[in-house]
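So the protein sequences, as listed, match chains Y and Z. One point on numbering: in the numbering used here, the residue at position 121 of the first sequence is 121, and numbering is uninterrupted. One point on numbering: in the numbering used here, the residue at position 113 of the second sequence is 113, and numbering is uninterrupted.
Derived by calculation from the structure, the hints in this document are not laboratory data. As the structure is a prediction and not an experimental result, all values here were calculated from the model. Be aware that one or more of the hints could be misleading.
Stated by the list, open to error - Between beta-carbon pairs, the in silico distance windows are: (1) Y:Asn-4 - Z:Glu-76: 50 to 56 Å; (2) Y:Ala-130 - Z:Asp-264: 26 to 32 Å; (3) Z:Leu-21 - Y:Val-158: 51 to 57 Å; (4) Y:Lys-41 - Z:Asp-264: 40 to 46 Å; (5) Z:Asn-154 - Y:Lys-41: 38 to 44 Å; (6) Z:Ala-197 - Y:Gly-32: 22 to 28 Å; (7) Y:Lys-166 - Z:Ile-169: 56 to 62 Å; (8) Z:Val-299 - Y:Lys-41: 21 to 27 Å; (9) Z:Ala-197 - Y:Ser-2: 24 to 30 Å; (10) Y:Lys-41 - Z:Ser-393: 32 to 38 Å.
Every residue, glycine too, gets a C-beta built ideally from N, C-alpha and C.
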Amino acid sequence: MSTNEVSRRSFMVRTIIAIFAFIGASLAVMLGGFGIIPALKKREPGWSDAGTVAELVAGQPQERRFSELVKSGWQSEKQERTIWIVKKPDNSVVAYSSSCTHLGCGYRWIAGQQRFACPCHGSLFDINGAVLAGPAPRPLDTLPTRVENNRLLVQYEVFQLGSTAKVRV
Amino acid sequence: MITTIIDWIDERTKIRSIWDLITNRPIPGGASWFYVLGSTLLFIFILQILSGICLALYYVPTPDHAYASVKYIQNEAFFGSLVRGMHHWGASFMMVLIALHMLRVFVFGSYKKPRELVWLLGIGLIGIVFGFAFTGYLLPWDQKAYWATVVGTNVAGTVPVVGGLLVKIMRGGAELGNLTLSRFHAIHTYILPGVLALLAGMHIFLLELAGAGGRWNPARNTPDRTEPLFPHQIFRDSIVILIVFVAIAALAVVLPAGLEPQADPTDTTYNPRPEWYFYFVFQLLRVFEGRFEVIGTFVLPTIAGLLLMLLPFLDRNPERAPSKRTMLMAIAAVTGAGVMGLTIMGSMAPVPSVTAPSVLAGRLLYEKNGCGACHSIHAKGGTIGPELTHVGSKRDRDWLTRHFKDPQALSPGSIMPKVTLPENDVQELTDYMQSLK
């Protein structure tokens, strides 16, 4: 092979590599972005009606179910949600996400012991959401609330579990 | 580092010898820009697979949700319009390149012995690609998708004897609906990609076994002119692949794939038009009407398909130079011009003026109830009442309906009798009046 032929050959090889590297990278960006970016979008919480606050008694948490209109990709659908609400002595109302901050199990109120107990790994929380025992890394997650015309409006949110920091997903 | 890894793999797989076998594959007569079409088609197929898989991340194949999910892809998902546009334009490019590829092989006489099987598989691949186009079409479930499939499946219904059965099998039932969408989706995404990959693999493998044809003049296929596939031919392939890739991406941005309103089986005002690569069939159906329709829908396409398939067996003359195959070149030119002519005519076909059924019903009521005794339309009828030729542009719907029910309330002194027909009939009469403009 002459030097001329060698350099011609190496030019062709480099061009081929460059072209397919360019196409591969473009496709990776386009198709990867298309597949991944929408999945990273944060939830857009809206206000949902979680019932009346009239019958709430201070110190007696209540479980509330309501449906939230959730936009999931191309579809808006009603999703059933559960929260715990607690009336404080100063008459303010706090809402807790119903997921244990450890691994997401649904916890319950044990009235006799005045505490929330998680059935999975035994985490215990007091009425203010503070961790009393168990593996839960942070207090119960509070949700934004407001009261209008005696109705409790809640912004349902989902948080990362298992971490000390409360991070919205 | 990389060499060490490849060495390790090579010790266990002999991968280098396989790579050498592929890359050193001899191109008789040397590399050529004429030989880039097959590889470019392979590239587009891979592009369609990748973009298709990505579309499937969001697409839902049910009539309830298909349209909404495509709309989401088109308008909301990140790069959605681009990915869908590339899938759409990739299909069109495939059609153009497949025609050019076939034309190239035809002109070069490359289909002749010993490559008859390669040619046969190529014809099969064309059929598969049309299958892709036809089934992919329905998936967005918009007006175009729905009506093109209504017409497309009915075309299959004109096939003698088994037509009715064919339509039912294609639709998954008597009518086009959710079962049709499910099976078109399954065929488009599960069956055809596998079949295409298999046939394309055999197409390439059999070409390898038979040996590439090279130039049509055997004097130019001498060993000293032979070049290896890599990098000489692949270099040219890559350049064309790059151009095609950029063109597809650019078109996807500049002219995104369309999305019409959601499919509405009750809409009688929609004018269905197929995708451009089906225009020639569409136009054939306009040429052959009535009892000759089957010529356009079945007889001609079947004869054309059979002739294409049998070409290497009908034309067994080893001569490959086009200048010595003038008869065949002429036939090909006429056929090509015919298909192109039909395509262009199809694209320019006028949209017929559509008469909605309620307007027709209103016209019948007008005649049945003797309205023409007093009124005239286009100078036909009586002169006692006002002329109605352009009444649709003078009076609105509400006025017309109220006037039918109580003419004197709106036109004091009018001698027109009250129209005591059922409400639905009054509405149809109004529709007819409104169509007079």
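Verification of the supplied hints:
{"no.": "1", "hint": "Y:Asn-4 - Z:Glu-76: 50 to 56 Å", "verdict": "holds, 55 Å"}
{"no.": "2", "hint": "Y:Ala-130 - Z:Asp-264: 26 to 32 Å", "verdict": "violated, 58 Å"}
{"no.": "3", "hint": "Z:Leu-21 - Y:Val-158: 51 to 57 Å", "verdict": "holds, 55 Å"}
{"no.": "4", "hint": "Y:Lys-41 - Z:Asp-264: 40 to 46 Å", "verdict": "violated, 31 Å"}
{"no.": "5", "hint": "Z:Asn-154 - Y:Lys-41: 38 to 44 Å", "verdict": "holds, 43 Å"}
{"no.": "6", "hint": "Z:Ala-197 - Y:Gly-32: 22 to 28 Å", "verdict": "holds, 23 Å"}
{"no.": "7", "hint": "Y:Lys-166 - Z:Ile-169: 56 to 62 Å", "verdict": "holds, 57 Å"}
{"no.": "8", "hint": "Z:Val-299 - Y:Lys-41: 21 to 27 Å", "verdict": "violated, 54 Å"}
{"no.": "9", "hint": "Z:Ala-197 - Y:Ser-2: 24 to 30 Å", "verdict": "violated, 41 Å"}
{"no.": "10", "hint": "Y:Lys-41 - Z:Ser-393: 32 to 38 Å", "verdict": "violated, 50 Å"}
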